[in-house]
Amino acid sequence: MPSIKRIAMRVTAAAMAAATLMTSVAYADEPYTGYNYDWWGDPVPSQNGYVVDKVYTGADMGVDALSEPSDMFFSETENLFIADTSYKPASGSGKGRIVVTDKNFSLKYTIESLDLSGVQDWLDEKQSELNAGALSQADFSKVTNTVFNGPTGVYVDVDEGEETIYVADKDNDRVVAFTIDKIGDDKYKTAVGKVRTIYTRPPSNMYDSTVTFNPSKVLVDAAKNVYVCIKSITKGAVVFSKEGDFNGYFGANRVEATGEVLLNAFWKLIFSREQAKKMRRSVPVEISNFDIDNDNFIYTVTESKSAETDILKKLNSAGTNIYTNLGYSDYTFGDYLTKYYRGQTYSSQITDIDVDENGVINLLDLKTGRVFQYDDECNLLFIFGGIGQQKGTFNIVNAVESLGDKVYVLDGRKCSITVFKQTEFGAIVHEAIALFNKGKYEEARAPWEEALRRDSNYWLAYIGLGNAYLNEGDYETAMKYFYYNSRTGYNDAFKSWRMNFIRDNFTLFAVIIIVLLAGIYIISVWRGKVRVRKRAEEERMFKEKNKGKEDV
Amino acid sequence: MRFNLDMPAWKWPFYIMRHPFEGFEDLRWKKAYNMKVALVIVALLFIVSVCGELMTGFLFNHSSVKIFNIVPIVIRTIVIFFTWVIGNWALCTLFDGEGTMKNICVNTAYALVPYIIGQVINIILSNCLQKTEGAFITFISYVTILWTAVLLISGMKTVHQYSIPKTILFMLITILAMVVILILLVLLVSLFQQVYIFIYSIYTELLYRFSNLEPTALIFIFIGAIAAIFAIVVAAYTAYEKHQIAKERKKLNS
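Each protein sequence line maps, in turn, to chains A and B. According to our numbering, the first sequence is numbered sequentially starting from 1. According to our numbering, the second sequence is numbered sequentially starting from 1.
Heads up, a few of these hints could be off.
[Unchecked claim] Straight-line distance between alpha carbons at most 30 Å, and here's what the computed DSS-like set of lysine-lysine pairs gives: (1) K66(B) with K495(A); (2) K277(A) with K235(A); (3) K31(B) with K534(A); (4) K142(A) with K194(A); (5) K480(A) with K66(B); (6) K194(A) with K242(A); (7) K31(B) with K11(B); (8) K529(A) with K166(B); (9) K480(A) with K495(A); (10) K54(A) with K142(A); (11) K103(A) with K54(A); (12) K529(A) with K36(B); (13) K11(B) with K440(A); (14) K11(B) with K534(A); (15) K189(A) with K54(A); (16) K11(B) with K131(B); (17) K54(A) with K391(A); (18) K480(A) with K11(B); (19) K235(A) with K182(A); (20) K414(A) with K54(A); (21) K166(B) with K534(A); (22) K31(B) with K166(B); (23) K66(B) with K339(A); (24) K102(B) with K438(A); (25) K166(B) with K495(A); (26) K142(A) with K187(A); (27) K182(A) with K194(A); (28) K102(B) with K543(A); (29) K545(A) with K30(B).
Note that these hints are calculated values from the structure, not bench results.
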């Protein structure tokens, strides 16, 4: 029985992998165990793709300790911008600052205050609104504040070498875009942001007047449209034009078809309008974070514990989700299973996303503190990180970024940035998957084989090797690799193998079929003859028996 | 008579398969119920189910081969078969059914032959066909299941001498009876588990009480106690038997 043999092989392979893993853990001393998912959706031990390189705190960067930082961003100029949300400035007014370092974490400058002189027209407009009573004094002083009040999101748009910094200034109800003119020569290299545009709450005839405008994240596309993520809005991200005009919403999630939603839809058919009004409204879950890649696709994530769909979306400029239009809608992101462990339920809550220049996606799971790395076809590559106190584990993860082959994770409670570096195994897999996704299956064969030598549990390697052999026309080997790893791959390989098999042995098949047909014909003829003879015999016996009698 | 019905016992299932309606009548008329053949068919059903789990081609195999467990298969085939037989007998005897347990068992088993043959064909086909040709497999399994259902109705009708609507009604009620039997079985099993837990907790209790004793000594005491109870029961039984024999003798003597 081939399957038993296969199972035995797999068990040995798993044991060997576990043994290798144990030694590698002992060597690399990681506080988390690397794992991955196999074809069955079961977690299996795996080699670590990323290990901790170093941990940086505020002191390492040359500034005061960070205080609940909630976002960071690597600009195209390879500078790191950190939104230090709860920092108390020495001046006493405001809350929060932006810390800017280069990629080696040496301080470039910090921003604590803003200069609004560049937007005098806008200020005058707001002043007149205040005088007309369209704007309250509190709101006016918020949006025209010269200091931050809890900045939770930062994005940098580099245009011809000039950095424009966009900050989601959450408790000031605004997003500010500013540039830096000159950097102070004090200890913290304090710089003042020269404001270009301020994006505030849209006029109430376009924007629901009952919901607040507390921007939590911000990003800018190539056309300089500003996308603002607001936790209280379920219609998607709020989009502003470059000049600060409200353009609409972008990329709302779908309403998940739960039992309650379906039941409500049924009742709505029956209820009168007054009754229907009193029902709970079915609204989609809000998007909680996003990122944009080089081709201007926007990726959104949903943090909700209960959400099953639209966890990660890849949206084109029309707002259509690429990842559900591929024909598969059963993508799973984060951990596959909800685990109950020591009185706590663990189900993935994806809080941040980062897409690097190769299209590799890093998802950050708030609940388990893990980073889930996917390629651009949503194949799970690596899982690393965790909850804990050691290096490489976190308390409350807030942001993930990547630069080159390093992944950076920001911890809001530990107030530090952990740098993960790629292992040798990680490099092999990345090389292989890059070639594989370009369709260069044969070139990817050597790295996949190497990956499999290091970790025989690594499921993607089987797919890669199967495709390589399938492309070469070695269908039998391809089938071997696809067996219990990919049904579609196995089907393709098997189809071609069967075709070849029949073609090669056509004479044999023809002879067998002819012999069978002839055999059936001869037997039927013979049986017919026997039957006729038997019947004649019976008739004769019958006649003999009744010879003496008159009528029969 | 076109067919010679004096055939060996193993040919009967195939004859019945080809004659769904008169086959069982002939079987009844010839009184050719054969328990051995029926049990072989049940065994084959079990084997085919195991093979279906293990040997169905990868493209069509949706069972979890990673953890192969034989207990569900035993329950799915053998246990369900015998619960059906017992449930049907227990029910239909009360409602003018003429079938004995043996006859019901044999008829049910003979009705399963098309399903088994269909499964075998499917296992072979699943290793030769590709995904898009899977319709053949579905077709074969539907046809054979339908055939088995027809045979089962015919068999139950013949064995109890019912009308067709009554047969179908009592087959449905039999399913309910099976559920009841299985629930009782589960209860019984859990009861025995409770007994086991009871004895085990006595053992642990003793272990704590006499913690100064060696555990091995305790085991000996425990075994000794059980042996003593057993000995008393045996002694009482032999005494009773002696008494009975003496009574008999007295009767004979008088």
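Here's how the hints hold up against the structure:
no., hint, result
1, K66(B) with K495(A), "holds (25 Å)"
2, K277(A) with K235(A), "holds (20 Å)"
3, K31(B) with K534(A), "holds (27 Å)"
4, K142(A) with K194(A), "holds (17 Å)"
5, K480(A) with K66(B), "holds (17 Å)"
6, K194(A) with K242(A), "holds (16 Å)"
7, K31(B) with K11(B), "holds (14 Å)"
8, K529(A) with K166(B), "violated (45 Å)"
9, K480(A) with K495(A), "holds (14 Å)"
10, K54(A) with K142(A), "violated (39 Å)"
11, K103(A) with K54(A), "holds (13 Å)"
12, K529(A) with K36(B), "violated (35 Å)"
13, K11(B) with K440(A), "violated (60 Å)"
14, K11(B) with K534(A), "holds (21 Å)"
15, K189(A) with K54(A), "holds (24 Å)"
16, K11(B) with K131(B), "violated (36 Å)"
17, K54(A) with K391(A), "holds (8 Å)"
18, K480(A) with K11(B), "violated (42 Å)"
19, K235(A) with K182(A), "violated (39 Å)"
20, K414(A) with K54(A), "holds (14 Å)"
21, K166(B) with K534(A), "violated (43 Å)"
22, K31(B) with K166(B), "holds (24 Å)"
23, K66(B) with K339(A), "holds (21 Å)"
24, K102(B) with K438(A), "violated (67 Å)"
25, K166(B) with K495(A), "violated (50 Å)"
26, K142(A) with K187(A), "holds (29 Å)"
27, K182(A) with K194(A), "holds (10 Å)"
28, K102(B) with K543(A), "violated (42 Å)"
29, K545(A) with K30(B), "holds (26 Å)"
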